[in-house]
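Undergrad: This is what each chain is made of:
Protein chains: 2
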Amino acid sequence: MDAKIRLYVEHPLGEAQTVPLDRAQAHYLFGVMRQTVGAQVLLFNGMDGEWRAEVVEVGKRGGTLRCAAQTRALQMPPDLWLCFAPIKKARTDFIVEKATEMGAARIVPMQTDFTNAGRIQRDRLQAHAVEAAEQCGGTFVPEVAELVRFAALLDRWEPARRIMFCDEALVSAPAGVRADPGPWAIFIGPEGGFSDAERARLRAQDHAQAVSLGPRILRADTAAVAALTVWQQALGDWT
Amino acid sequence: MDAKIRLYVEHPLGEAQTVPLDRAQAHYLFGVMRQTVGAQVLLFNGMDGEWRAEVVEVGKRGGTLRCAAQTRALQMPPDLWLCFAPIKKARTDFIVEKATEMGAARIVPMQTDFTNAGRIQRDRLQAHAVEAAEQCGGTFVPEVAELVRFAALLDRWEPARRIMFCDEALVSAPAGVRADPGPWAIFIGPEGGFSDAERARLRAQDHAQAVSLGPRILRADTAAVAALTVWQQALGDWT
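Protein chains in written order, with UniProt numbering: chain A, 1 to 239; chain B, 1 to 239.
Treat the hints with caution; some may be incorrect.
Because identical chains share one entry, a pair is satisfied inside a single copy or across any pair of copies.
Cross-link-like lysine to any residue pairs, in silico, SDA-like; alpha carbons within 25 Å at most [what the hints assert, rightly or not]:
#: 1; residue 1: Lys4; residue 2: Phe114
#: 2; residue 1: Lys4; residue 2: Thr71
#: 3; residue 1: Lys60; residue 2: Thr36
#: 4; residue 1: Lys88; residue 2: Gln126
#: 5; residue 1: Lys89; residue 2: Glu134
#: 6; residue 1: Lys88; residue 2: Ala73
#: 7; residue 1: Lys89; residue 2: Asp206
#: 8; residue 1: Lys4; residue 2: Ser195
#: 9; residue 1: Lys4; residue 2: Asp180
#: 10; residue 1: Lys89; residue 2: Gln35
#: 11; residue 1: Lys89; residue 2: Arg203
#: 12; residue 1: Lys4; residue 2: Ala197
#: 13; residue 1: Lys4; residue 2: Gln17
#: 14; residue 1: Lys88; residue 2: Gly14
Quick caveat, the hints were computed from the structure, so don't treat them as lab data.
Let the sequences and hints guide you as you build the complete structure.
TA: This is the structure we're talking about:
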């Protein structure tokens, strides 16, 4: 009765609840993974925790599962955003994957002065977040926001949300974060760092603090994981 | 006079020292990067710090640089090894890249009970470490060791080197590391974790401690960066 396959579905889950599969899910489950009627699968939807479900109907373009029992309660991540400057495609995918594994609640791609990407494929990035949540055993999928300009993001910033920002120019900043509770966001600069104007704007915010990630220059995807680790250890759900 | 290109060379560096380039370096510098006589390049060799050098001779199969001035002293990383189980090729490359950026001194691929890889391409992984060092501004390149069996590695372990081990089964372990000084190694399990026998063997060592990386299951490359962050913050060169 080992149910190793985990699927994210956009459907309510509960005792004896039936869950329809869409075409892509049916293809994956029956075509790729060769599951048949009676197979056990784990489902989550970001709201109702994780459920063990059984395949009750197999089709080429769909199928039906029925929930048997809850296997895990919903575990919401801390109220933490990861705001980052999109880079090359593969590394942007990695950042979304890693932010999901590391427990960010929201992922915000932002366009900075030194960002090359003029657009992102939000749907593709969101699919990466779903896949990472399926893989890492989480019961929550972070939302990937639309690409936003750095200035516009800060113009409408809610001051209750503190900012931890990491930048290659900041080797002299403290290596830790002050453990103020409440909502937070991590800002990761692009390769080349934030511009002087952006750095000045961040430094001028009362609710922002600079954090050093050591004496070497980290690539943006490495910096994202390192910064999430620093934050999770000090303020998050790792302890 | 902006010297952005950084090259690792296996040659002594010093005042007025001339440095021959091999074919691959000449191709990169002159063919790909279009540098000519008089161009400024940064050099490091893992021993003599970083030097600004000038191109004095350009050839198709080689070339010569001459050191002008030291731009950075040698910064050795802490005495920290990263021992990890090789996974799919691209992610193994990432682990080597990230360990270099994060300041590991030695990278040890190890074959565990749940490791699929029976061999590694050590030279290719070493080349990735060189490239990562060139990119991250480090003056040191960690050595990538030959693949070793987990049991053989522990059989000849020097007890003075403490072990921090991270495993998906360890969510109840402390999230931090005890800040004992001295040489250390981080052990990262493969996907699927260490086997029960391996876990028991690690737990039985006085000099080993288990550390949790949070409630979600991290991929091995994510876990490597997270574990290196935990260690660098507590014991390394980040503070």
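Undergrad: Confirm or reject each hint.
TA: Evaluation of the provided hints:
Taking the closest pair of Cα atoms, lysine 4 and phenylalanine 114 come within 25 Å of each other only across two copies (16 Å); inside a single copy the shortest separation is 42 Å, beyond that limit. Taking the shortest Cα distances, lysine 4 and threonine 71 sit within 25 Å of each other inside one copy (12 Å), while across copies they are farther apart (53 Å). Only within a single protomer do lysine 60 and threonine 36 lie at most 25 Å apart by alpha-carbon distance; the minimum there is 12 Å, versus 62 Å between protomers. Taking the shortest alpha-carbon separations for lysine 88 and glutamine 126, both the intra-copy value of 17 Å and the inter-copy value of 23 Å come in at or below 25 Å.
In this homomeric assembly, lysine 89 and glutamate 134 come within 25 Å of each other (Cα to Cα) both inside a single copy, at 21 Å, and across copies, at 22 Å. For a Cα distance limit of 25 Å, the shortest separation of lysine 88 from alanine 73 qualifies neither inside one copy, at 36 Å, nor across copies, at 32 Å. For the homomeric pair lysine 89 and aspartate 206, neither the shortest alpha-carbon distance inside one copy (34 Å) nor that between copies (44 Å) is at most 25 Å. When the C-alpha separation of lysine 4 and serine 195 is checked against a cutoff of 25 Å, the pair qualifies only between copies, where the shortest distance is 18 Å, while the shortest distance within a copy is 46 Å.
In this assembly of identical chains, lysine 4 and aspartate 180 lie within 25 Å of each other by CA distance neither inside one copy nor across copies; the values are 38 Å within and 39 Å between. When the C-alpha separation of lysine 89 and glutamine 35 is checked against a cutoff of 25 Å, the pair qualifies neither within a copy, at 33 Å, nor between copies, at 28 Å. Neither within a single protomer nor between protomers do lysine 89 and arginine 203 lie at most 25 Å apart by alpha-carbon distance, with minima of 29 Å and 41 Å respectively. For the identical chains of this complex, lysine 4 and alanine 197 are inter-copy neighbours only, at 22 Å across copies versus 49 Å inside a copy, given an alpha-carbon limit of 25 Å.
For the homomeric pair lysine 4 and glutamine 17, the shortest alpha-carbon distance inside one copy (20 Å) is at most 25 Å, but the shortest distance between copies (60 Å) is not. When the C-alpha separation of lysine 88 and glycine 14 is checked against a cutoff of 25 Å, the pair qualifies neither within a copy, at 41 Å, nor between copies, at 37 Å.
Going down the numbered hints, you'll see the structure goes against 6, 7, 9, 10, 11 and 14, while the others check out.
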